[in-house]
Amino acid sequence: MAAVLYKVDSLYHYGSGDVVLPDVMYKTQPFLDRNISAVTEDLKNLKARQDQLIHQLDCLLKDVSLLTNGGVNHEKSMQAQVSSASTVVTDIVIHANPADPPLSLKYFVQLLRKQSKVLLKCHLHSSLISAKIPNWWPNEDCTDRSQYEIIITVIWSNVADLSVHVNPSVHAAIHGETNLARLLGRFLKMYDSNDAFSSCSATDAYLDACDVLSTPSSREKKEVLDLLDTVLGQQSWLGGKAFAMADAVLMSTLSKFAGNAPYANIKKWQEAALAFLEHDFTLK
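Residue numbers (the numbering used here): 86 to 369.
Bear in mind the hints are in silico, worked out from the structure with no lab data behind them. For every residue, glycine included, the Cβ atom is placed at its ideal position computed from N, Cα and C. Hints may contain errors.
What follows is a set of in silico ranges between Cβ atoms, one per label pair, in the way DEER data are often shown [what the hints assert, rightly or not]:
no.: 1; residue 1: E363; residue 2: N252; range: 29 to 35 Å
no.: 2; residue 1: D277; residue 2: V173; range: 18 to 24 Å
no.: 3; residue 1: D229; residue 2: S284; range: 35 to 41 Å
no.: 4; residue 1: H208; residue 2: D311; range: 39 to 45 Å
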């Protein structure tokens with residue numbers, strides 16, 4: 086019979102009713118007691134700060150919703166702040182032939198300068214190095230373009246027809262002095278406005294007449310001159326009681342294309358228009 090070298094007491098007494106089998110790998114003491122009184126003061130403060138932050142977020146969401154749906158005044162004030170902080174510059178680049186200068190541009194520039202900061206620039210294309218260019222369009226000095234609202238640049242070049250580009254991002258050109266007048270008239274709110282439909286229609290008719298007169302081979306030129314002479318016999322200006330954009334364009338067109346036609350009313354109108362332009366609208 087073998088002798089026992091080591092004797093160890095039993096860990097579990099099988100058959101006993103108090104055996105507890107393990108159900109976790111590691112057993113630790115609970116961090117928080119289910120009793121709320123056992124929560125520390127720091128945890129209570131943290132919970133209070135979280136509740137406060139959630140309340141502030143709810144209020145912020147309500148404010149954003151109000152601004153989105155009905156915050157008109159706030160939006161206008163923000164736009165005013167942005168407008169005062171930065172000025173959007175409108176670039177108008179005109180390619181013109183010195184043999185066919187847009188003389189009406191002098192009239193529009195003076196009107197624009199009454200309501201906006203306007204810079205005038207002038208350049209000569211390499212195709213016209215030896216050509217004589219009009220001296221009535223200055224090349225004004227400028228160190229900061231952002232100080233101006235409108236910058237008008239005339240590039241004298243050997244082009245068949247006047248073309249206009251508004252801002253570098255717009256690639257479609259506007260052609261002709263009459264369409265240039267329409268563009269500047271919209272800037273001045275004196276053309277194509279909602280409350281002046283009848284006058285806009287009359288202005289369009291006179292500008293179309295100028296297009297006819299500027300076409301050398303037009304067979305309708307005599308009919309247009311007869312019509313204009315009749316109109317100017319009934320009123321002082323094409324615009325009615327005051328000199329208007331149609332008068333400026335017609336003055337430019339007649340000085341270049343109409344010649345010395347024997348029309349008494351047109352001649353009288355030309356003398357009055359020349360005096361008006363030289364007195365009030367001379368580029369300085």
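| query | Which of the stated hints cannot be reconciled with the structure, identified by number in ascending sequence? | reply | Per hint list: zero violations.
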